[in-house]
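Each residue of the sequence shown is one higher than the last, beginning at 28 in this note's numbering.
The reader is advised that the hints may include incorrect statements.
Restraint-style ranges between C-beta atoms, simulated for each label pair [what the hints assert, rightly or not]: (1) Arg149 <-> Arg106: 19 to 27 Å; (2) Lys217 <-> Thr196: 18 to 26 Å; (3) Glu304 <-> Ser122: 30 to 38 Å; (4) Arg266 <-> Asn185: 43 to 51 Å; (5) Ile67 <-> Gly305: 21 to 29 Å; (6) Ser94 <-> Phe129: 15 to 23 Å; (7) Leu123 <-> Met165: 43 to 51 Å.
No more than 20 Å apart at the CA atoms, straight line, and that leaves these computed lysine to aspartate or glutamate pairs for EDC-like [what the hints assert, rightly or not]: (8) Lys108 <-> Glu138; (9) Lys244 <-> Glu168; (10) Lys97 <-> Glu128; (11) Lys291 <-> Asp281; (12) Lys91 <-> Glu150; (13) Lys277 <-> Glu162; (14) Lys292 <-> Glu304; (15) Lys291 <-> Glu259; (16) Lys113 <-> Glu128; (17) Lys133 <-> Glu57; (18) Lys271 <-> Glu288; (19) Lys151 <-> Glu284; (20) Lys133 <-> Asp101; (21) Lys236 <-> Asp182; (22) Lys91 <-> Glu138; (23) Lys141 <-> Glu304; (24) Lys133 <-> Glu88; (25) Lys277 <-> Glu258.
Just so you know, these hints were derived from the structure itself, not from any lab. Values in this document were obtained by computation on a predicted structure and should not be read as measured data. Don't be surprised by glycine CBs; every beta carbon is placed ideally from N, CA and C.
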Amino acid sequence: MKKIVFLFFLAIVGVSYCRADEIVVRVNDEVITSSEIASIPGISPEQVIDMMINQMLLAQEARKSFSVTKEEIDERLARVKGDFDKEEEFYAALSLQGIDEFSLRKRLEEEILKQRLVASLREKIAVPEERLTEELSMYSEEMQVSYLVFEEKEDADNSFLAIKQKGTTTSPIKEIDFFCAPEMREEFSKICFALEEGQISHPTPIDNKFYIIICKKRQPTSLRSLQRILEEFLSESGRQDLEKPQEREKILDDILEFIEERIKKEQLNERISRLIEGLREKAYISVSSKE
Numbered sequence: 028m029k030k031i032v033f034l035f036f037l038a039i040v041g042v043s044y045c046r047a048d049e050i051v052v053r054v055n056d057e058v059i060t061s062s063e064i065a066s067i068p069g070i071s072p073e074q075v076i077d078m079m080i081n082q083m084l085l086a087q088e089a090r091k092s093f094s095v096t097k098e099e100i101d102e103r104l105a106r107v108k109g110d111f112d113k114e115e116e117f118y119a120a121l122s123l124q125g126i127d128e129f130s131l132r133k134r135l136e137e138e139i140l141k142q143r144l145v146a147s148l149r150e151k152i153a154v155p156e157e158r159l160t161e162e163l164s165m166y167s168e169e170m171q172v173s174y175l176v177f178e179e180k181e182d183a184d185n186s187f188l189a190i191k192q193k194g195t196t197t198s199p200i201k202e203i204d205f206f207c208a209p210e211m212r213e214e215f216s217k218i219c220f221a222l223e224e225g226q227i228s229h230p231t232p233i234d235n236k237f238y239i240i241i242c243k244k245r246q247p248t249s250l251r252s253l254q255r256i257l258e259e260f261l262s263e264s265g266r267q268d269l270e271k272p273q274e275r276e277k278i279l280d281d282i283l284e285f286i287e288e289r290i291k292k293e294q295l296n297e298r299i300s301r302l303i304e305g306l307r308e309k310a311y312i313s314v315s316s317k318e
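Build out the structure end to end from the sequences listed, making use of the hints.
What follows is the structure in structure tokens.
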């Protein structure tokens, strides 16, 4: 299945020139034909076309600064073929996607070009040391809280008064075990970490509901919590198989690396979005009413 998915991805982002069917989109001096527009569940044809236009513009921009040799395409193609047990299976998968080897080579070339463009953008990204220190400091302290949620502000106000005056309430109370600020929604964390131990927040609106938060305990983040946080970063990155350190300082170093990687990824996505926006403004794009 992974083999076919890979080819299916190329069918979405690539453009072939072996078809003589109806032209749906013109992007500068290149075209997208009706047979190249993939059908993806949950995504409209218009959205697919928009994705293809963006990918085509990136490939065109990459071609201005980078090139790909025949040997590099041969190597990439060999890797694709190597995912199949038999060569017949490879060509059957191509046929299933409605493309031929010439078209696949073109798409592999474009993918390599775009990867080089993205790599060049990434190389220019540097995260200031102050930003990293600030982000890491948010994992230096953890908190244990109780909280109450209300639909109506009046109910929240009454419960707040009952807790302040009597130290109890008939409203249901929920518990959250130790967590660091980045592990919760920003609005919720801001309320929590503005409290000292034993303090109660005034009813605060979040998403049309009213929250009362009680700080039960604040403490430096435990080694156990840091290990859990590192596990979450490893899981998000698909790197669960890496050796997991046990020393506090090494865990913090690894968490810092993941924080830096996350920030770079966010900034890279922003740069790519801005680049695409600028390319679309300058490009000649014509979309036919027929699809």
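Contradicted hints - numbers only: Violated: none.
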